[in-house]
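Visitor: For reference, the chains in residue letters:
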Amino acid sequence: MLRGTLSASSSWWTRPWYRRPVKASKTIGPVGTLVRFFALLLLGIFFGLPLVWLILAPTKTDVQLTQNFPLSVGSLAKIGEDWPNLLSFDNGVIVQWSINSVLYAVATLILALAVVLPAGYALATSRPKGRNIILSLTLVTMLLPISALVLPLFLEMNLVQLVNTPWSVILPTAFFPFGVYLAFIYYAVSLPKDLLAAARIDGANEWQLFWNIGLPLSRPLLGLLVFLNFTATWNNYFLPFVMLQDTSVYNLPVGLQALIAGTTALHPGTSTNIPIHRAELALAGVIMVLPVAIVFLFSQRFVTSGALTGSIKD
Amino acid sequence: MNTPIASPAMTSAVSKGKIKSRWRRLFPTAADVFVLPYVLFLLAFGILPGLFALGLSFASFANGTPQYFAAGLQNYVTAFRDFRFGTAFVNVFQFLIISVPFGVIGVTAIALLLHVRTGWFSHAMRTIYFLPGAVAGPPVVLLTLFMCDPQVSPFRGLFSIFHMQQMIDVIQPDHLPLLFTLMGFFVGAGGWIAILYGGLQGISSDLLEAAKIDGANAWQTALLIKLPLIWRYVIYMFILTFAGNVQIFTEPQIVSANFSYIGISTISPTWSPNQLSYYFAFSLGNFGAAAALSLLMVAIGLIGATLIIRVTGFFSTDATAD
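Protein sequence lines correspond, in order, to chains U and A. Every number in the working numbering is 419 more than the matching position in the first sequence, counting from 1. Every number in the working numbering is 331 more than the matching position in the second sequence, counting from 1.
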């Protein structure tokens with residue numbers, strides 16, 4: 420049950436991350452404070468150090484990587500050498516993978532939003548036919564791990580001969596039941612009902628209500644949906660791996676796997692003509708991770724907001 | 332009852348009033364039309380794949396084309412009696428028995444520890460824990476392979492304690508459940524910590540203040556007051572982690588693709604159940620057995636989803652317009 424109403428202008432989902440509802444407790448003592456500090460710091464090293472290492476790796480040669488201090492900085496010029504080397508893999512196919520990744524992510528996002536927003540809005544503000552069964556199926560499918568349906572989806576796409584086309588990846592990922600649920604909750608709780616009723620009295624139809632009132636008041640919802648959908652699509656591996664066979668239609672995750680498996684960068688000692696070493700692989704990793712990392716840097720508030728557990732707090 | 336409030340949005344809405352009648356003539360109700368595209372997606376990519384797989388799981392492919400219901404239970408027998416089936420489930424079981432408790436207890440402990448004080452340090456650490464979520468998928472495997480290479484790893488000191496000098500000393504079949512656990516924790520813990528932290532922030536400050544006045548120390552407050560209040564979040568995390576981890580595919584797939592030819596330690600291409608169904612479909616061309624096995628995985632996922640809805644009560648369809 421959802422109780423309470425919120426005006427859409429209030430900043431749930433967008434309130435400051437550092438809001439402090441509880442004052443700093445003084446019940447921990449000096450020893451406890453130190454232990455806590457070092458425990459959290461150690462964890463910070465576990466989570467942070469690999470990322471720092473990855474960003475620095477493309478600046479170093481293989482010799483520097485193995486012999487220097489792990490967090491030493493090489494030279495920026497080295498990145499300039501890594502890039503042409505990376506392009507030597509399969510005639511620069513990594514550029515194509517990057518373009519594909521962007522295309523798949525953007526197409527999926529637009530399609531998903533176009534489907535999710537009106538559906539969530541209608542489920543929240545009116546009673547479309549089959550509303551209860553639609554909501555129940557939404558709950559179940561949104562909590563079903565995506566990997567579970569990959570093989571069945573392949574079999575289906577194979578039947579309609581869409582395998583190995585971008586659609587085989589875009590269409591299934593544009594099915595975004597969690598998004599519909601979030602939109603449904605958002606509109607049910609935060610749309611000012613009086614405003615909708617008033618506009619109806621003035622003769623506005625449902626489409627106009629959605630377009631002129633629902634959508635303009637959806638900004639926090641949009642941020643959350645974009646974050647969830649974009650990161651899921653960008654990092655998607657299992658589905659594209661199964662659906663896409665030609666290297667030219669790969670997205671970056673599948674391409675990165677092909678790059679890892681297709682070169683001997685991680686197996687020094689095995690000789691090869693391909694000039695792809697650890698630094699080049701790390702650069703490919705950075706290229707793939709950077710867009711999502713930037714999104715992540717600004718999106719923690721969406722996760723702390725409680726939206727992912729179906730709750731809405733003021 | 333309701334006083335109409337004039338707004339720019341509405342004035343433009345009124346001016347477009349004529350379009351309304353056309354819409355009404357064309358469609359039964361606007362709400363149905365709004366929901367229709369989603370219903371099509373729900374059917375096409377949520378329901379049909381499962382039903383189609385169900386059909387295929389009873390189909391015979393003896394003539395090259397599927398003969399529905401010709402195979403009876405044969406595909407299930409083939410899949411479940413395959414010599415790789417047991418190994419794949421033992422592997423994933425070993426992974427689950429480490430990764431689920433490690434993840435659930437670790438995340439809960441970290442969230443509680445962070446929430447002892449909610450200042451800048453807590454916030455900065457939470458952000459650092461959250462960022463690795465960006466490397467989900469193949470990048471985390473690449474990063475783990477680097478981190479597990481004693482020659483380049485910033486954790487090389489740790490490996491020398493265990494006399495591990497090369498990557499193949501670290502990437503051993505026995506170590507995989509632990510390695511996949513660490514990968515999963517590295518990528519996923521931050522997101523869950525943020526969710527639990529959100530739950531902790533929802534606890535009334537009066538309650539925590541009262542506990543403090545009653546003389547509860549931070550330890551008691553965390554275990555006796557905060558933990559019971561975020562228990563539903565922990566259950567949610569437990570079920571979703573379990574149901575998600577059973578489906579593991581990316582990590583073993585990339586590790587096995589990268590190490591299958593090394594010769595020293597062969598890592599099976601059918602390490603996990605999802606890899607096995609992939610193998611049935613693409614290496615053995617047995618779509619019937621692949622469908623049968625993938626349905627088992629769907630069933631496990633469905634049980635998890637149902638449990639979350641029933642047990643946590645987080646997700647409800649009760650939010651109505653009025």
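It is worth saying that the hints were derived from the structure and are not from the lab. Note that the coordinates shown come from a computational prediction; the quantities given were computed from them, not determined experimentally. Note that the Cβ used here is the ideal one computed from N, Cα and C, for glycine as well. Incorrect hints may appear among the rest.
To be verified - Now the in silico label distances, taken between C-beta atoms and shown as ranges:
| hint | chain 1 | residue 1 | chain 2 | residue 2 | range |
| --- | --- | --- | --- | --- | --- |
| 1 | U | Asn504 | A | Ala455 | 30 to 40 angstroms |
| 2 | A | Ile556 | U | Gly642 | 42 to 52 angstroms |
| 3 | A | Ile378 | U | Val525 | 19 to 29 angstroms |
| 4 | U | Ala496 | A | Ile378 | 51 to 61 angstroms |
| 5 | A | Gln496 | U | Thr683 | 40 to 50 angstroms |
| 6 | A | Ser491 | U | Leu460 | 32 to 42 angstroms |
As the list claims (entries may be wrong) - Some residues of chain U that are not near chain A, with every Cβ distance over 10 angstroms (derived):
| hint | residue |
| --- | --- |
| 7 | Ser494 |
| 8 | Leu495 |
| 9 | Pro503 |
Visitor: Take the hints in turn and mark each one as holding or not.
Guide: Comparing the hints with the structure gives:
no.	hint	result
1	U:Asn504 x A:Ala455: 30 to 40 angstroms	36 angstroms, holds
2	A:Ile556 x U:Gly642: 42 to 52 angstroms	32 angstroms, violated
3	A:Ile378 x U:Val525: 19 to 29 angstroms	27 angstroms, holds
4	U:Ala496 x A:Ile378: 51 to 61 angstroms	55 angstroms, holds
5	A:Gln496 x U:Thr683: 40 to 50 angstroms	19 angstroms, violated
6	A:Ser491 x U:Leu460: 32 to 42 angstroms	23 angstroms, violated
7	Ser494	17 angstroms, holds
8	Leu495	20 angstroms, holds
9	Pro503	20 angstroms, holds
The earlier numbered hints that this structure contradicts are 2, 5 and 6.
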